[in-house]
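Just so we're aligned, residue 753 is where the sequence shown starts under the numbering used here, counting upward by one.
It cannot be assumed that every hint is accurate.
As the list claims (entries may be wrong) - Derived pair list, reagent style PhoX-like, types lysine-lysine, alpha-carbon separation capped at 20 Å:
hint	residue 1	residue 2
1	932	755
2	950	897
3	939	950
4	939	880
5	880	932
6	897	939
Worth flagging that the hints you see were computed from the coordinates, not collected in a lab.
Fair warning: this is a prediction, and the values are worked out from it, not measured in the lab.
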Amino acid sequence: MKKQIFPFSMVDVFARQTLAGNGLSIFVLEQTLSTYMMQAMTREMRQFESIFLQKLETQAKWRAHIFTMEEELGFAGHPIIGAAASLHQGFHPEAETAEFEFVLNERSVFARSRQENGNFFAEMNQGKANFNQPLSSTSTETFLKALNLHAHDQVAELPLQVVSTGLPYLIVPIQQHLDKARICHEKFEALLAGVGAKFVYVLDVNRREGRTWDNDGRVEDIATGSAVGAAAAYLVRHQRAQAGDAQIFAQGAYVHRPSELHVRVNADDETILVHGQVCMVAKGELYV
753 MKKQIFPFSM
763 VDVFARQTLA
773 GNGLSIFVLE
783 QTLSTYMMQA
793 MTREMRQFES
803 IFLQKLETQA
813 KWRAHIFTME
823 EELGFAGHPI
833 IGAAASLHQG
843 FHPEAETAEF
853 EFVLNERSVF
863 ARSRQENGNF
873 FAEMNQGKAN
883 FNQPLSSTST
893 ETFLKALNLH
903 AHDQVAELPL
913 QVVSTGLPYL
923 IVPIQQHLDK
933 ARICHEKFEA
943 LLAGVGAKFV
953 YVLDVNRREG
963 RTWDNDGRVE
973 DIATGSAVGA
983 AAAYLVRHQR
993 AQAGDAQIFA
1003 QGAYVHRPSE
1013 LHVRVNADDE
1023 TILVHGQVCM
1033 VAKGELYV
């Protein structure tokens, strides 16, 4: 049987240089693929996430599917930002800026890419954040224990709270021991589901540094755009940041992939803009 050839690009997102930030595989498709095939290709690439793009009406509008090694996501940050920069380079290489609409399973996300001296910077509009009620003291104690943390690690006046801009994260605000944080509960995913969260984001509020993992705790994410959008909105809501001001988050140091994520919560309409640098790493072909 003749094999199909799928060209792909690889980029590092939220990185000031290659071999840092969060890696991403990008496939621009000529035909529709099954969920099974996109999941299998993602596992073959072994990046934290892959994004599959198919052009719709114009080169500015794309159907997008985002996969982790385990599942398809309804929304994620670094794949959108990486895809915007890659499409800019591939389809509009002479343009200073390029704008794109990514049509996901349940929503569209708009992103803008800019190039400067050969470097690409992309920004996505995550819309407004949705907030669940703060967790009770009992639930807070349960989650801190499940994350190898203690009550004195938490910022006392800040609650644990689920915040979403499309992917719900439990924000865990701490003031120390980010290095000790880890998932140490065998049913952590069920715990999260019980409070309406998909993932956890442990945030050192003072240092603006965060960590998140898959729900088994085996794989730590490097740079999580969907999480920092929620975290930035959380800090504004609880008066630890000012709407309209730039917030810069660090992530990835504990897996030797330092990342820098920039976020701004607009003062007028509370929409959240997440942006960062994207470094082009490789191009190739996958034979299936």
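- Item | Non-conforming hints, listed in increasing numerical order | Violated: hints 1, 4 and 5.
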